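Here the protein sequences line up with chains A and B, keeping their order.
For the first sequence, position 235 matches number 239 in my numbering, and the numbering has no gaps at all.
For the second sequence, position 139 matches number 141 in my numbering, and the numbering has no gaps at all.
If you're looking for bench data, these hints aren't it; they were derived computationally from the structure.
Don't take every hint at face value.
Unchecked claim - Stretch-level coverage of chain B by chain A, calculated; a stretch enters the list once three of its residues show a Cβ under 8 angstroms from a Cβ in chain A:
#1 197 to 206
#2 356 to 363
Said to hold, decoys possible - Heads up, simulated DMTMM-like pairs for lysine to aspartate or glutamate below, C-alpha to C-alpha not over 25 angstroms straight-line:
#3 A:Lys140 <-> A:Glu60
#4 A:Lys118 <-> B:Asp127
#5 B:Lys383 <-> A:Glu192
Said to hold, decoys possible - Every beta carbon over 10 angstroms from chain A, so not counted as near; a handful from chain B, in silico:
#6 Gly10
#7 Glu15
#8 Asp78
#9 Glu164
#10 Asp380
Treat the numbers as computed from the prediction; the structure is a model and nothing was measured.
All C-beta atoms in this analysis are idealised placements derived from N, C-alpha and C, irrespective of residue type, glycine included.
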Amino acid sequence: MKTLEIKNIHAKIGNKEILKGLDLDLEPGKIHAIMGPNGAGKSTLSKTIVGHYDVEVTEGDILYKGKSILDMEPEERALEGIFLSFQHPVEIPGVNNAYFLRTALNAKRRHEGKEELNAAEFLREMKKHLEMLGMKADMISRSLNEGFSGGEKKRNEILQMLILQPEVIILDEIDSGLDIDALRAVSEGINMMKDGKRSFLVITHYSRILDYIKPDYIHVLKEGRIIKTAGPELVAHLEEHGYDSIVEEA
Amino acid sequence: MKLSELKGKTREETATLLGIDPEAAALEHFLALGLPDKKSEEYRYFRVEKLLERDYKILDYVPKAIQEAEKIVISDGVVTHAPKGLRIYNERCQTMDPVHFDPLYYLSHLLSPHVIKIDLDGDTDIEIEHRFTQSNTLINYRIVLANQANRHATVFESFREEEIEDTLVLYGYDILVAPDSTLRILKNQLMQKNRYAMVASHRIQLAQRANALIKSFDLGGDMGLQLIKADLDRYAHIDAGHLLYLNHEAQRGTVSKIIHKGEHSTSHQEAKNILDGNARGIFDALIKVEHSAKYTKAHQNSKAILLHEKAYMVAKPQLEIYIDELEASHGSTTGQLDEKQLFYLRSRGISYTEARKMLVIAFANTLIDQVKDHRHQDIIKASFEEVFYSGS
C-alpha cells in the first residue's frame, strides 16, 4: 500500500489556483524529492498535505494509509504521523522549547495509547538527539525558535522530527540557510529516520542536499502539476539544463 | 445603605448619612470630587453607578484578637490572623493623600477613619489574604503599609470569598516606600460568579531613591477596578505591571496616575490584556512629569489580545509633560492570537485548545515570569489555568 496518495489535487490560496491537478504517490521507505522553479507550487503542496489554513482544496483527494485526510484538522494529521519541517519556522516568544516538545510528544503518546513521559524521562530522551544535532543544551530552555539563527531553527525542526518519529516526513527547503556543518548534521538526523517504512518528501531548489540524502525518485513540479518523475539521475540533468528543458510526460 | 443617596448632598447631609464628623478632612475632598458616575473621567469605562445604586448592609469594624498564622488574614475588613511578631495596628490614618483623583478613595477614608497599619520591619516577605464572607454588604477597609529605609519587602495579596453575592468591596492601600528601600506588591485576584465587586483605590508615595514594584494579576470575570496614584521623589523608581485575563461579562482594569515630582525619577508601566467573551478591559493610565522632575525616564505600554469578537479593550496610555529634559514613550496595540503560531503548534499534534492556551500563557508569561518567587508564580499560573479552562 502507498503511504500517501495525492490524487488530482486542485488547491488555491486566496483566489489563485496554485495546484492544478497534482498526482503523487509516496511509497513506504522511499525518499521522494520535489524540485521545480520558483512559484511552481512546492510549498503549497506541503501546506496542502498538513492542512494549512491558507490553502483551500477545491478538487481531488489525499489518502494517508488509504484514508482521506482532507477533513482532518492539522493536529489530527500530525498525530496520525504526518510531519512538516517548515521552510520558515515561526518564533513563539514565551513558549519554552522543552515544554513545547514534551507537550507535542505526550499528545502523540496519548494518541497511541502510551503513557506520558515526565520531565526527567523526556529530558533523557531529548539529550541524545541534541548532541547528535550539534545543538547547545540551552536551546531547549529558550523560547521556541526565538532569536535562533536560520541553522538553529532547522536543527530544531529536525529535533522535533526525531522526537515525534513521524511516518511521512515532508522537508520544505530544509537546506536553505544552512552552512556545510549544519547541512551535515541535519542530513544525518534525516538519514537516521530511514527505516525502510517511512516516506520522505524532500522539497528543494538545489541538488546540494541530495548529496547527503539520497533520493529514490525525483519529481519535477511546474505550474501546479508533476510534469516528470525519474530516478536520481535527473538531478544532474536539471543542474545542467534547467527546468525549461523538461517536457511534460504524457 | 445606598451610596447613590450621597449624590448632590451638602456637607452636613453627607456627614449625617455616613454618621461621621462634618469637619473630617476627607469629606471636603470627597464633596469637591463628587460621587462618581458615568461622566466621571476615572469611571467612564466602568459601570460604577450600578454598584452605587445597590442597597448594602454596613458593617461595624471591631478589632479582634489576632490568631497566629503564616499569613495575614483580613476577613470582612478585620484582621483575624497574622504571623507572630508582625506589628499591626488599628489607628487613625495619618497619611491620607490630600490630592488624590479618586472620590472613592476619600469615601473609603470617610467610612474607615481607622486603618489597618502594617509595619514591614527589615527584609520581609508577607502574604495578605483578603476574605469576604458577607452578602449584600459594603465591605470597606484601608491598609497602611510602611517599610523601612534600605530594606526590601514583598507583599503577596490573594483573595478568597465564600458563597456570597452582591457585595461591594472598597479597599485600598496608603503606602509609604521609605528612602533607598524596595517594596514589591504582588496581587493575584481571581473573580468569578459575581460574588462581589471591588473598587481598590491606592496611594503610593515613593521617597528618594525608593523602588516600588507593583504587579497585579486580575483574572476571571466580574467587576473590579484598581485606581492607583503614585508620587515619585528624586531618583525614585516604580515598575508597574498589570495582567488582565478576563472572560464572560467582566469589566476590570486599572486607572492610574504616576506623577514624577523629583529629578531623575523613573517609571515603567506595562499592561498585558487578554480578553475573552464579552469582557471589557480597562487601562487608563496617565504619567505626569512635573516641572520639578528633570531627567525623568517614563515608559508606558499596553498590549491586548482579543480572543472573542465581542471582547473590548479600552487602552489609554497618556503622558502629560511639563519639561524638555526627559526620556518618555508610550504605546498601545490590540490584536488577536497569531494564526501562524497557532498553526505551528497544531502541526505538531497539539490540540487547538492546548495550542491556544500555550500562546495565551506565553503572552502573559512576560509578566508572570517577573514574579521571582516560584511559589507565588505557581499560584498565579494555577489561577490563570482555572480561568482558561472555565472560559474555553
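We went through each hint and held it up to the structure:
1. 197 to 206: violated (count 0)
2. 356 to 363: Satisfied; 5 residues make the cut.
3. A:Lys140 <-> A:Glu60: Roughly 39 angstroms separates the two Cα atoms, so the pair is violated.
4. A:Lys118 <-> B:Asp127: At roughly 44 angstroms apart (the allowed maximum being 25 angstroms), aspartate 127 (chain B) and lysine 118 (chain A) break the hint.
5. B:Lys383 <-> A:Glu192: 40 angstroms, violated
6. Gly10: 50 angstroms, holds
7. Glu15: 54 angstroms, holds
8. Asp78: Aspartate 78 (chain B) is indeed farther than 10 angstroms from all Cβ atoms of chain A, at 38 angstroms.
9. Glu164: 35 angstroms, holds
10. Asp380: Its Cβ never comes within 10 angstroms of chain A, the nearest being 15 angstroms, so this holds.
In summary, the structure is inconsistent with hints 1, 3, 4, 5 from the numbered list given earlier, while agreeing with the others.
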